[in-house]
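Make the full structure from the sequences, and use the hints.
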Amino acid sequence: MLTTSRTVATAAHCLSHGTKATYTVYRDIPGKGVNQVATDPTIVSLPQASDLGRLYLPKAFDGSSPVPAIRSNSKKDVIGKSGYMYGTGQVPGGYAKKILRVAVTTYEWNPVNVHTFAAVHKGDPNNAHACAGDSGGPLMVRRIKPGTQQEELALAGLLLSGPADPDGKSTCPKNPTDYRTNIGWTANKDGLFAAPPR
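Going letter by letter, the sequence shown gives residues 24 to 221 in our numbering.
Hints were generated in silico from the structure; no laboratory data involved.
It is possible that part of the hints are untrue.
Said to hold, decoys possible - Taking lysine-lysine and the DSS-like style, the derived pairs with C-alpha atoms no more than 27 Å apart in a straight line are:
#: 1; residue 1: 104; residue 2: 168
#: 2; residue 1: 99; residue 2: 82
#: 3; residue 1: 104; residue 2: 121
Okay, here's the thing in structure tokens:
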């Protein structure tokens, strides 16, 4: 998710290999289309906190622009707002061939870790939920665009992990009974919105 024309926000655990790895950022579906090798993998918030990280692009993608984002620290800017989660992770038969979207209408704040919350999407007819490969995808919530009367979707958080099987090992259960996706709250993490140094 672009937070500036050259800054990519993602889940910190996606950057676990540090500077020893090559991180390729795709404009659309991973593995297809226009891409760039990103630089300066940075952990903005450790995985045991809100699990947020950042990469820089060497140049902006043509025709791209940063996503609108909720920057206030007020929970009321998220709680009670409807929105969508986006991801390209595992689906039956492999990985998604397009960007998938799941509607979210309820959120539960984490009483132990104030930097995370759960997006609840029970009742989805397809049992859609976050799976392996969705990490770092955005949670976008509806809000009124500042200074206008128009509605827009704004970044509220990044997908961290989905529900686990009873054995606790899988992040993509076959028959989930709990449709909660853990979200890292992005609003109070200025490092996610930092432009690359000139």
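Now the hints, each set against the structure:
1. 104 x 168: Roughly 14 Å between the alpha carbons, so the hint for residue 104 and residue 168 holds.
2. 99 x 82: violated (35 Å)
3. 104 x 121: holds (25 Å)
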